[in-house]
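S.K.: We have chain W; now place chain G onto it with these hints.
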Amino acid sequence: MEMVSTVQNTDVKQSLQKVNERLLEKNPAESLLFDVVLIATDSQQQSSRIISSTSHYGLEVGRFCFSSREDLVETLVVNNVQLFLSTDRDEALQVSQKGVLSALLGRQEAPSESLRVMLCGDAIVRPDCDPVPASRGAAQSFSARLGEMRGRFGVSGSPLSIVLVTSSGGSKSCGVALQTLRSRGLSVDEAYCLAGAPRGPILSLLRPHFLLGDGVIDLED
Amino acid sequence: MVKMSLDPVQVKELNVSPSPNGDSRASWEEEEVEEEEEDRLGIATKTKPPKPENAVTVAVSSRVLFRTELEQRVFEQKGVEEYLRYQIEHENEPFAPGPAFPFVKALETVNARLRELYPQSEELFDIVLVTYNHAHVGIRLINTINHHNLFIERFCMTGGSSPIGYLKAWQTNLYLSADADKVREALAEGIAAATMFMTEKLTEVSESQLRVAFDGDAVLFSDESERIFKAHGLDKFFQHEQDNEDTLLDHGPLKGFLEALGKLQKKFYAKGQRLDCPIRTYLVTARSAASSGIRALKTLRAWGLEIDEALFLAGAPKGPMLEKIRPHIYFDDQMFHVEGAAEMGTVAAHVPYGVAQKHNQPQKPGARK
Numbered sequence: 001m002e003m004v005s006t007v008q009n010t011d012v013k014q015s016l017q018k019v020n021e022r023l024l025e026k027n028p029a030e031s032l033l034f035d036v037v038l039i040a041t042d043s044q045q046q047s048s049r050i051i052s053s054t055s056h057y058g059l060e061v062g063r064f065c066f067s068s069r070e071d072l073v074e075t076l077v078v079n080n081v082q083l084f085l086s087t088d089r090d091e092a093l094q095v096s097q098k099g100v101l102s103a104l105l106g107r108q109e110a111p112s113e114s115l116r117v118m119l120c121g122d123a124i125v126r127p128d129c130d131p132v133p134a135s136r137g138a139a140q141s142f143s144a145r146l147g148e149m150r151g152r153f154g155v156s157g158s159p160l161s162i163v164l165v166t167s168s169g170g171s172k173s174c175g176v177a178l179q180t181l182r183s184r185g186l187s188v189d190e191a192y193c194l195a196g197a198p199r200g201p202i203l204s205l206l207r208p209h210f211l212l213g214d215g216v217i218d219l220e221d
Numbered sequence: 001m002v003k004m005s006l007d008p009v010q011v012k013e014l015n016v017s018p019s020p021n022g023d024s025r026a027s028w029e030e031e032e033v034e035e036e037e038e039d040r041l042g043i044a045t046k047t048k049p050p051k052p053e054n055a056v057t058v059a060v061s062s063r064v065l066f067r068t069e070l071e072q073r074v075f076e077q078k079g080v081e082e083y084l085r086y087q088i089e090h091e092n093e094p095f096a097p098g099p100a101f102p103f104v105k106a107l108e109t110v111n112a113r114l115r116e117l118y119p120q121s122e123e124l125f126d127i128v129l130v131t132y133n134h135a136h137v138g139i140r141l142i143n144t145i146n147h148h149n150l151f152i153e154r155f156c157m158t159g160g161s162s163p164i165g166y167l168k169a170w171q172t173n174l175y176l177s178a179d180a181d182k183v184r185e186a187l188a189e190g191i192a193a194a195t196m197f198m199t200e201k202l203t204e205v206s207e208s209q210l211r212v213a214f215d216g217d218a219v220l221f222s223d224e225s226e227r228i229f230k231a232h233g234l235d236k237f238f239q240h241e242q243d244n245e246d247t248l249l250d251h252g253p254l255k256g257f258l259e260a261l262g263k264l265q266k267k268f269y270a271k272g273q274r275l276d277c278p279i280r281t282y283l284v285t286a287r288s289a290a291s292s293g294i295r296a297l298k299t300l301r302a303w304g305l306e307i308d309e310a311l312f313l314a315g316a317p318k319g320p321m322l323e324k325i326r327p328h329i330y331f332d333d334q335m336f337h338v339e340g341a342a343e344m345g346t347v348a349a350h351v352p353y354g355v356a357q358k359h360n361q362p363q364k365p366g367a368r369k
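Protein chains in written order, with UniProt numbering: chain W, 1 to 221; chain G, 1 to 369.
Excised from the complex, chain W in its bound form:
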């Protein structure tokens, strides 16, 4: 069971749900699914509001968890969270430094057809330059699971899309990243090699739901 924890952002949750639906369509006994845990670190007063708005949007949230900021990492570990998503950059960075893989949520202006997961290839090619080495192991195992999940679907019409972006290296680096990911069982759908070009224009077209493997960077960069 994949475990993902999210705060806010209904499109991500809907896209995650869609992946689960399609997986179950293919195999009703499928166990490799996204499990969404909603963690609220605000005060208790928010709790009933969160629960009611979640059902309002028809979102199947598996669990609710209320945690204080200080206990956040422990809560994540206790719940065996494999990926923590947040809109708060500092929060995500703090969590990843403690070894739990985290990513920033992208801003979605329009609903998308698939869950778009972006991987930053630079950290894959040069692990020594990884800004958050603590969560590197978590990143590798998550990407292997993601690869397994992606493999359940065909090339076209998949509810899950894997996008690779390399920012600084040239085409050879990107090739190394593609090879490395493939050896971990993760096949990439789209690949963009920027070789030093500004990320902004390309990222705004790619509209990922979240970005992995870059430590934690600003998706609006």
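Just so you know, the hints here were simulated from the structure itself, not pulled from any lab data.
Do not rely on the hints blindly, as some may be mistaken.
As the list claims (entries may be wrong) - Short, incomplete list of chain W residues facing chain G, as computed with Cβ under 7 Å:
1) Leu24
2) Ala138
3) Ala195
4) Gly196
Just so you know, these numbers come straight off a predicted model, no measurement behind them.
Where a beta carbon is used, it is the ideal one built from N, C-alpha and C, also for glycine.
M.R.: This is chain G only, laid out in the frame that chain W set:
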């Protein structure tokens, strides 16, 4: 074969072995070590691609840069999954050069000369591979790029979605593709674009000088005169051109690219290399020098664009003239001329713009302006 000079700029006395662009790459490990060395020593042993806003960006699709007919057939006959499986199976077999290949090589030759004269400048050609191929084909494409010693460090493999947005993001100055629909989309977005086709016959082209040839109407200029010709015939056309001799023609889709070439040419002239300039441009038009051609020349002059050679054919077929010029690429809005050029071994690219697109049949030779 002109080898691109990639000698490192030696800043300190260090034992840095230059990375010549000569040996073909075999293993991935080699590359990784090289790049790590580059980082450790802090000196770029390879040249870095320029920022998009400074460069003349040429985006090419994989089907025009390389020959992929066999793989296309697999896709058409057996579907996408089989196509990708085939590609992965043949990953270590590089593709053969396609119709845009000599053009891209010539761009790199110009870059080498520009770097010699202006080592700090980013005003260079930047070649980006923009393909809606799936990333599964990525490794084979990268292997092919390495095999042919192409300096293509940037690419977009969109996995099926439209590449047009990315063209704008890269500030593309010219887009070359095998897909006419994509080319039309790009033109509609104001990006110079043309469709390329593979031909069996290819005449040899220069390895030291980039030669680009343009048709006039509906390529460099708007299609207004063609409209008159098509609606009212040759005589009316002549009359109209004479009456409007001093009125500038409106610009066409490739004007901007000619302008970009002109800017680079001036950089060579500034260093006293006018005679030896590695860029040469040609106008190859069916207009005639004595009459309708004057308006074309006046327009170019008013735009501040220098074209090296203007060839007014007065209706004669373009093929033989192009065969003499040997451009790396020739842009025309009429398939009739594109096919005629290809028959004689010239790489011609179709610009699907203007009124000529409604008339798809080949024209009678001689009944032209």
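S.K.: Against this structure, judge whether each hint is valid.
M.R.: Cross-check of the supplied hints:
1. Leu24: Status violated, d = 22 Å.
2. Ala138: 24 Å, violated
3. Ala195: 4 Å, holds
4. Gly196: 6 Å, holds
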